[in-house]
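The primary structure of each chain is shown beneath.
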Amino acid sequence: MKTRIIIIFLFFSVLWIFLLARGVYIQIIPNQKLAQLQNKQFESSVILQSRRGNIYDVNQKEIALSNQVYSLYADPKNVEFPKKVAKLLAKNLDLNYEFIYNKIKDKKKRFVWIQRFLDKKKYEFVKELDLKGFAFVEEWKRFYPNENLLSQTIGSVGQEGFGLEGVELKYEKQLKGDFTKKKFRRDARGRPLSIDGLLFSETQDGNDIQLTLDTDLQYFLQSELQLHLEKFNAESALGVVLDAKTSAIRAMVSLPTEVNQNGLAKRQRNITDSFEPGSTMKPFVVALGLEEKVIQANSKIFCENGKFKIEDRVIKEADAHHNFNFLSVSEILAYSSNIGSSKIALMLGDEKLRAGLSRFGFGRKTQVDFPGEAKGILQETPWRKHLLANISFGHGISINSLQMANAFASLVNGGILNTPYIVEATKSPEASEFIKLEHPQGVSILSKDTSNKLKLMLTSVTYDGGTGTNARVPGFQVGGKTGTAQKVNPKGKGYLPNAYVSSFIGFIPVHDPKYVIYIVVDNPKKSYYGSQVAAPVFSKVGAYLARKEGFVPSLVTEKNLISEKTLSDKSKLTSVDTRVEKIETSSQPLTLREVLKNHQGKNEIEIQGQGHLVEKVELLEDGPTTKVKIIVK
Amino acid sequence: MNSKNSQKDLKPFFSLIIIFITFFAIAFLQMEERRLGYQVFYLTKEVKKTEQEKRVKEIELAKLNKPSRLMQYAKDRLTLQKPEMDQIIHIAGPVKTYSLKKRIEIEN
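Protein sequences, first through last, are from chains A and B. Our numbering applies: residue 1 is where the first sequence begins, and numbers increase by one. Our numbering applies: residue 634 is where the second sequence begins, and numbers increase by one.
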């Protein structure tokens with residue numbers, strides 16, 4: 001009996017020792033496999049998407065912003081009453097019933113998107129329904145407050161948050177930030193067991209970007225171009241405003257902004273498309289002529305009385321009535337003589353002309369920080385004589401408009417060819433200030449002397465008799481060049497009949513050029529001369545820039561000193577002043593706001609001076625009306 | 634002699650008390666750590682929510698300030714018109730434009 005008891009005792013003792021040993025093995029001795037199993041039970045992982053950096057204009061106005069929104073997905077295996085749910089969701093999410101039902105009916109699937117980027121109203125509605133098998137994912141969505149104002153330049157972002165076009169694509173690396181995957185333990189109620197508050201905030205957001213573009217200028221240019229597009233019933237229009245000294249792009253418009261019936265894609269055609277520029281090429285030929293000393297500023301060139309035979313072709317002036325005899329170099333530009341520029345090109349020869357135009361950046365990319373740039377066409381030499389002549393007035397060569405504006409800037413800024421750029425500065429999420437990006441230094445391609453001569457010659461284009469009188473900006477001297485090119489047939493050889501590309505390129509102000517403005521109107525139907533179609537847009541944009549930048553007027557006219565209206569208003573006021581009926585007085589100085597509160601909407605108000613405290617209020621009886629003159633200090 | 638003995642008898646008792654207090658302190662600190670963890674979690678959620686609201690407001694403000702809307706407002710509500718070229722008098726003095734956010738920063 002005793003032996004049996006001992007055996008049973010030993011048996012249970014061994015069993016206990018074995019259990020204890022197993023317990024020690026599991027609990028105390030480290031075991032990777034067991035640790036993994038444990039972590040799997042308690043740990044959750046979450047992918048924290050970083051915020052895409054914002055894009056601002058030069059004045060730090062918002063152009064592109066990101067915000068978190070919710071996307072709805074379903075786990076069809078857990079969805080109850082799919083038909084009923086699909087019907088309910090279809091009605092409230094503006095989706096098709098079949099579309100939702102087909103997605104959730106297949107119980108084998110474990111994840112299907114129902115709708116991405118829900119707005120707040122829809123999100124709250126679905127959240128309140130608390131449907132089984134449905135859940136939300138937080139995602140970043142891109143917002144463009146200005147809608148299509150800068151859409152072709154900024155580009156767009158795909159549903160997965162990657163840049164697809166424009167600046168969004170070019171600066172993807174800086175903007176996107178880093179995606180981070182975080183693991184943390186959860187309690188029974190699903191709350192993270194962590195005291196690390198940085199868990200949700202330590203994601204590396206993307207850098208903010210500041211552009212060189214000015215939203216207000218962009219809007220002005222776009223609205224003026226749109227008006228002219230409609231006025232002249234044109235196919236499309238382009239506009240570029242460049243900083244003449246640095247080639248920073250201040251505005252860049254390509255109309256129409258939407259894909260239209262002509263198949264014009266929603267792209268920044270100032271950079272991606274090339275075309276024959278026409279006479280805006282002449283200043284470059286003249287500049288090269290002066291630089292290579294084949295002509296002098298005061299040279300007179302015989303313009304063959306309007307007909308110049310080269311090989312088997314005859315070169316004519318753009319206007320059939322023009323039959324010039326001798327023209328100075330300035331006059332060749334002012335009257336836009338094809339024969340004059342052809343003769344200068346012939347003096348230069350094809351090698352020198354090609355090398356010179358290449359130095360200006362034609363036939364190669366400007367290296368602007370924007371994807372998809374067209375380099376244009378500058379044919380290899382040797383050129384036949386008539387091709388040489390054609391190129392001198394902008395045919396047989398193709399450019400993109402940014403290339404033209406940039407090359408023109410070098411003509412008037414002292415001969416420095418810069419690399420145009422669109423991004424001014426970047427800011428990391430931790431930084432408080434934008435840090436300017438370094439841009440390549442400009443290359444000197446023209447002597448300062450030639451540049452100064454060119455500025456004066458181009459000014460003559462806007463003088464009486466010149467082709468660019470419509471480009472004048474009241475109060476300011478401006479220079480520029482008109483261009484009217486026949487439109488190349490995109491589907492075959494030669495040119496389209498009665499189709500033109502009208503353009504004007506100019507700079508303001510003349511003595512110290514700050515801006516280069518290039519306007520191109522494609523295939524205008526009601527008129528086609530650059531002087532009539534494009535030059536007026538230049539004038540308006542130039543005037544706008546002069547006001548915005550506060551340029552001091554260089555042309556003193558009576559209007560600049562004091563306008564007629566102001567004169568008449570002044571005399572009227574003086575006469576009224578003599579009939580001051582009453583002066584309101586108060587022991588305490590009143591604020592402008594208080595006085596305005598008493599008189600606004602009742603009487604005509606005139607405010608004199610600056611400040612917010614009112615010095616004197618004069619009530620002036622002028623017939624049936626009472627005028628209130630508030631003098632503030 | 635007697636008091637020496639009683640002190641000797643109390644030593645294990647004190648040791649046990651110290652051990653218990655230590656265990657309790659560890660347990661309390663762990664609970665406190667957890668409580669603070671939850672508090673931080675809720676505060677993080679609050680910060681996230683506030684940041685989200687701020688971003689929504691920023692987008693709304695940017696939409697309200699877009700040039701086309703301001704132009705429309707000036708035309709329709711304030712009955713303003715674009716000036717003709719001959720109505721404009723150019724006087725010197727730069728006019729710098731800033732976003733509303735920047736203006737508030739400057740004014741402050």
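It cannot be assumed that every hint is accurate.
Taking beta-carbon pairs under 10 Å as the criterion, some of the chain B residues facing chain A (in silico) [claimed, not checked]:
(1) D642
(2) M664
(3) Q685
(4) R688
(5) A695
(6) K696
(7) L697
(8) K699
(9) L703
(10) D709
(11) R710
(12) L711
(13) D719
Please keep in mind that the hints were generated in silico from the structure rather than gathered at the bench. In this text, a Cβ means the ideal position worked out from N, Cα and C, and glycines have one as well.
A quick look at each hint next to the structure:
no. : hint : result
1   : D642 : violated, 34 Å
2   : M664 : violated, 12 Å
3   : Q685 : holds, 6 Å
4   : R688 : holds, 5 Å
5   : A695 : holds, 4 Å
6   : K696 : holds, 5 Å
7   : L697 : holds, 9 Å
8   : K699 : holds, 5 Å
9   : L703 : holds, 9 Å
10  : D709 : violated, 16 Å
11  : R710 : violated, 15 Å
12  : L711 : violated, 14 Å
13  : D719 : holds, 7 Å
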